[in-house]
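Student: One line per chain: the protein sequences are W and Z, in this order.
Each residue of the first sequence is one higher than the one before, counting from 4 in our numbering.
Each residue of the second sequence is one higher than the one before, counting from 11 in our numbering.
The set of hints was computed from the structure by calculation and includes no laboratory data.
Please note that a few of the clues may not be correct.
[Stated by the list, open to error] If the Cβ cut is set under 7 Å, some of the chain W residues that face chain Z in the computed set are:
hint, residue
1, VAL25
2, GLY42
3, ASP101
Keep in mind that this is a model prediction, so the values were computed, not measured.
Note that beta-carbon positions come from the ideal geometry of N, C-alpha and C, so glycine has one too.
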Amino acid sequence: MNRHDSGPGAPVIPIASDLDIVEARTAARAFATYLGFEGADLVMIATAVSEMARNIVEYANQGEMSLSAVQNNSRRGLQVVIRDQGPGIADVSQAMQDGYSTSQSLGLGLPGSRRLMDEFRIESRIGLGTTVTMRKWLR
Amino acid sequence: MRVPILKQGEYIIASIQSALTDHDLFQLRDDLAACVGRHRSKGVIVDVTVLDVMDSFATRMVRDLAQMVRLRGAKTVIVGIQPEVAFAMVQLGLELGDVATVLDLDEALELLRYEST
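Chain Z extracted, bound-state conformation:
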């Protein structure tokens, strides 16, 4: 299922609604990179609250999309990694590198505004 992408001022928000296949994740990455250019966005927020699994592939895709977004001149913030998911990611040895992560949408917007001032 394609992830809906909303525009909110200078930012775009991708709100994941259901479990994603590998194909969906590739699509999300490419859609976001394209959207950043189209909307001249300064920040991208990806809400992963509903995801009950962040495996190595999903983590790699998130890292890749953040890197592509950075190369397009914007910053990515990941929102809502569940505590159990965080625990499993640590056990698996997964890292999001320097991709920013926050607990909710308000914090994500605050972080992006803070960084652009």
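Only chain W is shown next, with the shape it has when bound in the complex:
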């Protein structure tokens, strides 16, 4: 993850309610389709976005998602950045483990989304918020 080329459109979607979760995954799917993704890749992108957007509604109340096109040498792909100014995650490595949850959820959102995407980076600071950056490359 060294280049940050932003692509056309670069939509930004505010996330504050369960309705926004649906909006976010619909927008991600539409933008990914525009970039040339198909079939299972679209579902994986939409599912990962849904998980991350729900984390915001659940733990941080509000945040935003931004979508952009990225390029690395000959590879093209989608970048999703999901950001909030919520309470932050105390132990990120623990939160990345399957089945770990501080709420009633299944605890699969973070580790599962990492499996759904090609690249996954999470930065979190207590009291300042969390930023998740995910990428999927076109095959």
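Dock chain Z against the given chain W, drawing on the hints supplied.
Tutor: Structure of chain Z alone, referenced to chain W:
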């Protein structure tokens, strides 16, 4: 959007028409649990064919609704999980536990009839 629920003999069928919010899923779960009692239904069929995402929350709701329906004396069958959705669910690590899943409505009705004989 509220999911329409149809009565078909001893069974009730919830046919999801569009993407569902968390609130819609809670509503569906509670509506189905109430409907089972009202209609004395033996089986509940939930058609998820149109869903292009089954994330961890939706999966938990489906498991919860199946459990509530079971406690009300009926069986739940999930119909129409798309192959791409199934793939993403596996990647995410999601399981539907012992909730029955079939490919289409005919199979769902067949399964419920078979199990009630």
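Student: Give me the numbers of the hints this structure contradicts, sorted from smallest to largest.
Tutor: Going through the list in order, the structure violates no hint and respects every one.
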